[in-house]
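Chemist: Here's the letter readout for the chains.
Number of protein chains: 2
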Amino acid sequence: MTERTLVKNLAALEDGLVTVSGWVETVRDQKKVQFVVLRDESGAVQLVNPRTDDTEAVAEIISGLAQGSFVTATGELKHDERVKLGGIEVKLATLVVETAAIAETPIAADSGIDKRMDWRFLDLRRPEQNLVFRVQTTLEHAWRTYWVEHDFIEIHTPKLMASASESRAELFEVDYFDTKAYLSQSPQFFKQMAQPAGFGKVFEVGPAFRADPSFTSRHATEFTSVDAEISWIDSHEDVMQLHEELMVAGFKAVKEKHGDEIKALFDVDIEVPTQPFPRIPLAEAKEIVASRGYVVPREDDDMDPEGERQIAAYVKETYGHDFVFLTDYAASIRPFYHMRNAADETITNSYDLVYNGVEISTGAQREHRIDVLVEQAKQKGLDPEELEFYLDFFRYGVPPHGGFGMGLSRVLMLMLHQTNLREVVYLFRGPTRLTP
Amino acid sequence: MTERTLVKNLAALEDGLVTVSGWVETVRDQKKVQFVVLRDESGAVQLVNPRTDDTEAVAEIISGLAQGSFVTATGELKHDERVKLGGIEVKLATLVVETAAIAETPIAADSGIDKRMDWRFLDLRRPEQNLVFRVQTTLEHAWRTYWVEHDFIEIHTPKLMASASESRAELFEVDYFDTKAYLSQSPQFFKQMAQPAGFGKVFEVGPAFRADPSFTSRHATEFTSVDAEISWIDSHEDVMQLHEELMVAGFKAVKEKHGDEIKALFDVDIEVPTQPFPRIPLAEAKEIVASRGYVVPREDDDMDPEGERQIAAYVKETYGHDFVFLTDYAASIRPFYHMRNAADETITNSYDLVYNGVEISTGAQREHRIDVLVEQAKQKGLDPEELEFYLDFFRYGVPPHGGFGMGLSRVLMLMLHQTNLREVVYLFRGPTRLTP
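Respectively, the protein sequence lines represent chains W and D.
Taking this note's numbering, the leading residue of the first sequence gets 316, the next gets one more, and so forth.
Taking this note's numbering, the leading residue of the second sequence gets 316, the next gets one more, and so forth.
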C-alpha cells in the first residue's frame, strides 16, 4: 500500500514529514507561491509550494495540474492557525501525479441533478456525498449488530422468482433459459418461509425491484430493502417494538459517529428518537388531519403524501416526535397476507412508519392460518393455484409471525433533510436511468 | 411476544415452571406415558405426559398431534440425567397447538437433494441446516465488522445495468420499459467507480446473476457475492493481505461461536488459518501438479478443478495450510481490466484464492491508466464504445486500486465439508430451479 496519512489524522501529528494521497480539489498558481487543496476520503488539506529555484520541479507539475487528478504528496506538515483549512498545511517536497484528469470537468457545483447523475462518480467526490455513504455504513452496521446480538439469522432470498411476490402490475420480466422469471419486488414470501423453517428471527438487506413508471423524487425502480421477520408475536405491536428499538440503535450510532459532521455539512441535528414512538390508528389520523383542514382526496381508505405530512406535523407539535406509527390500516388497502383484527375484520394488524412526514416502512402481523389466508387471497381476486408454493409454507406448521420492510434510502434522505432520493443513492435507477 | 424460554437456555434454569414454543419433531404415544420432542431454533427438548385421569386433556392433544405442528408447551422443567436429550425434560401442564401440520410429511431424512429443494422450508428445519445459516450470519458479521473498523464504506451497486459487466455470454436480459436491461454478473464496474469517487475502501455483499446453463454442484444462476475494492495499492499483494486478514477474522468468529456445534453436527474442526497464506504463481503451480503426475488437460493457460485439488493437496502436505493464493494468471485468461505485470505483460497482477481444493475468489490489481485500459479492451475484442460509461471513470483522475469478489456459499460449503452448494444456499437457483 502507498504509505499515506489520512488527511483527518494530520492535525493530531506534530510538525514533520508526511505523505498524503488524494485528488486535487483546487489549484491557485500564483507567481510567488502555489497552493493546492488535496482531498481524500477523510478531508482536505492545503499543500503549499513557495516558488524558488529549488522548487521549480514541483512548481512545473502544479502549473500543469488539472483539477481532479489523483496525486501523492510528500512534504513538511506545519501547524499554522492562519491557515483557514484546519490550521495546517504541507510544504511540498515531492508531488507525484498518479493519474492526470482531463482538464475540463463536466459538472460544476450548480449542475442540475440529472447532469450530476450522468457524472455520479465525480458528484460523489463532494464531502456531503461522501458523508451520506459513511452514514449509510454506520446505520446498516448498527442495525445488523442489533440483529446479531438478538439472535437473528441473516438470509439472502433469491431475486429471481417464478411468479410475482406482490402485485403483477410492477413486475420486471426476465428471459430465463426456456422460460420467464420475474425480479423480486420484496423478499416478503421468502422471509416468511424462514418462519415455518424454524429460523425464529431473520433479517435481510438487499435489492428489490419495482417496474414503477413514476418519476417522483422518492421512487426508484431498484432500491435497497431492509427487512426483518420474527416468530411468536402476539400482534403487530411486537413488530413495532422491534422496529423502534432498531431505529434508536441506528440513530444513536449515527449521532455518535457523524453528528458533528452532519451538523457542519447538512445543518441537521440528529436526534435519537425516544421510545415508545407515538401510535395512531389510521382512521383517527385521518380525523386529526381533517380537523386541521385537510381532507385526504382519495376514494379508498388510504392516506396520501400531504396527509402524511399533516399527521407528522401534528405529532411533532403534540408529542415532539419525528416518528409516528400509523396503525390498523383498512383491509381493503392492504395485501392479502396481512392478518385482520380479531374484533373487526375490516382492519388489519398492520402499520406504516412515517418519519419526518414521509412513509419509510410497512409492517404487519401475517396471516398464518392457511384456510383464512386462502380466503383472503380469493377476496383480493388472486388465484390460489398461482400461490401454491407460498401457501405450502402454511400447511406443515408455522408459528404466528410478522415483520416489516423499510426503504434504506428513504431513511437516509429524511435523516439528512434531502428532498430527492437520488442524492442518497449510490447509483439511481429509474424508468429512463440505467447508466452509469 | 409469546413469553417463552429458548430450548438452549433451559439446562441452566432450576427446576420449575417453563414455557417453550417450537415444532413437534417426534411423538411417542404410549399407553402409560407420552413423549413429544419439541424443537425450536436453538435446540430440542423432551416433553413428557404420564397418562392419568388428570392429564387426559393433554393426552388427547398429543394423540392427535402431527409431526411438524407448531405448539406452545407449559410445564415443570426437571433435570434428570437419565434423559438422553440434554438431561432435562418438561412435564406438561398445558399444550396449545398453534398450527396443525398436514399429517404426511413430503420429505424424509433420506430424500434426495432435488426433492428436499422442493420442500426447502421443511429441509431447513434440520439442525444442520439451521446451523449453516447461523454460521453464515456470524461469518458475514465478522467480515463487515472488520470492514467497518477499517473505515470501509458499504455500497449497494445496482443490479440493473444497460450493458454487460463481464462477458456477454452469461447475461440475463430484462424487459425494462421501452428498452432492455441486463442483470449484473458482478459489481465489478460499480465498485471500481467508488475509486475515482474518492471513497478509498468499499465493500458490498449482494446478489449476482449468471445465465450459466451448467448443472455442477458448485454453480448457481444467482449467488451472493462478497466484494471489496481498495485504493492506493502497490500491487495485488495488498489485496491478498486484506483478503487473508478478512478470512482470519471470519474463521475466528465462527470457531469461537459455533466450533463445538460444527464438530458435533458436521464432524468438522474449524481451523483458523495462519498468516500469510501460501502464494504460488500459477505457472509454478502447474509444474508442481505435473510433477505429481497430473497434466491439466486444457489448451489455455488456466487450471482446472482437478488441478486445484492437486495443488491444494500439495499445499496441505507441504505447508499444512487449507488456503493457497494462485497468483500471476496469464493475461490470456483474465479480463481486460486486470493490470499486467510491469516486467512481463503476458501475466497479470491477479490471483485466485483456493480453499480446500476449490476456487472461492478472484482478485486483482485493476488497470487504472486509461490508454492501457482501452488497449487491453481492444485486445480482448471488446468495443470501447460500449464501455464508454466505464472508461469515463478513468478519465478524470483515479487512484491505483484493486479488489476481489468471493462466493459466500462456496466458502460455507467448503468450510462445512459439503459437496453441494445447494446444501448451504437458502433457496437455490439453477437453470431448471425457480421455485419455491
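In short, the hints are calculated from the structure, not lab data.
Fair warning: there could be bad hints in the mix.
In this list, chains with the same sequence are indistinguishable; a pair is considered to hold if it fits within one copy or across any two.
Derived lysine to aspartate or glutamate pairs resembling DMTMM-like cross-links, with alpha carbons at most 20 Å apart [what the hints assert, rightly or not]:
1. Lys567 <-> Glu700
2. Lys516 <-> Asp549
3. Lys516 <-> Glu455
4. Lys430 <-> Asp707
5. Lys516 <-> Asp438
6. Lys695 <-> Asp659
7. Lys570 <-> Asp466
8. Lys430 <-> Asp617
9. Lys516 <-> Glu318
10. Lys516 <-> Glu464
11. Lys570 <-> Glu329
Chemist: Compare the structure with each hint and give your call.
Modeler: Hints, verified against the model:
In this assembly of identical chains, the alpha carbons of Lys567 and Glu700 never lie at most 20 Å apart, being 46 Å within a copy and 47 Å across copies at closest. Within a single copy, Lys516 and Asp549 get their C-alpha atoms as close as 15 Å, which meets the 20 Å cut-off; across copies the closest is 43 Å, which misses it. In this homomeric assembly, Lys516 and Glu455 come within 20 Å of each other (Cα to Cα) both inside a single copy, at 17 Å, and across copies, at 17 Å. Proximity of Lys430 to Asp707 under the C-alpha cut-off of 20 Å is restricted to the inter-copy arrangement: shortest distance 15 Å between copies versus 49 Å within a copy.
Within a single copy, Lys516 and Asp438 get their C-alpha atoms only as close as 39 Å, which misses the 20 Å cut-off; across copies the closest is 17 Å, which meets it. Proximity of Lys695 and Asp659 under a CA criterion of 20 Å is satisfied intra-copy only: 18 Å inside one chain copy versus 66 Å between copies. For a Cα distance limit of 20 Å, the shortest separation of Lys570 from Asp466 across copies, 17 Å, qualifies, whereas the shortest one inside one copy, 25 Å, does not. In this assembly of identical chains, the alpha carbons of Lys430 and Asp617 never lie at most 20 Å apart, being 36 Å within a copy and 43 Å across copies at closest.
When the C-alpha separation of Lys516 and Glu318 is checked against a cutoff of 20 Å, the pair qualifies only between copies, where the shortest distance is 15 Å, while the shortest distance within a copy is 44 Å. Within a single copy, Lys516 and Glu464 get their C-alpha atoms as close as 12 Å, which meets the 20 Å cut-off; across copies the closest is 26 Å, which misses it. Taking the shortest Cα distances, Lys570 and Glu329 never come within 20 Å of each other, neither inside one copy (29 Å) nor across copies (42 Å).
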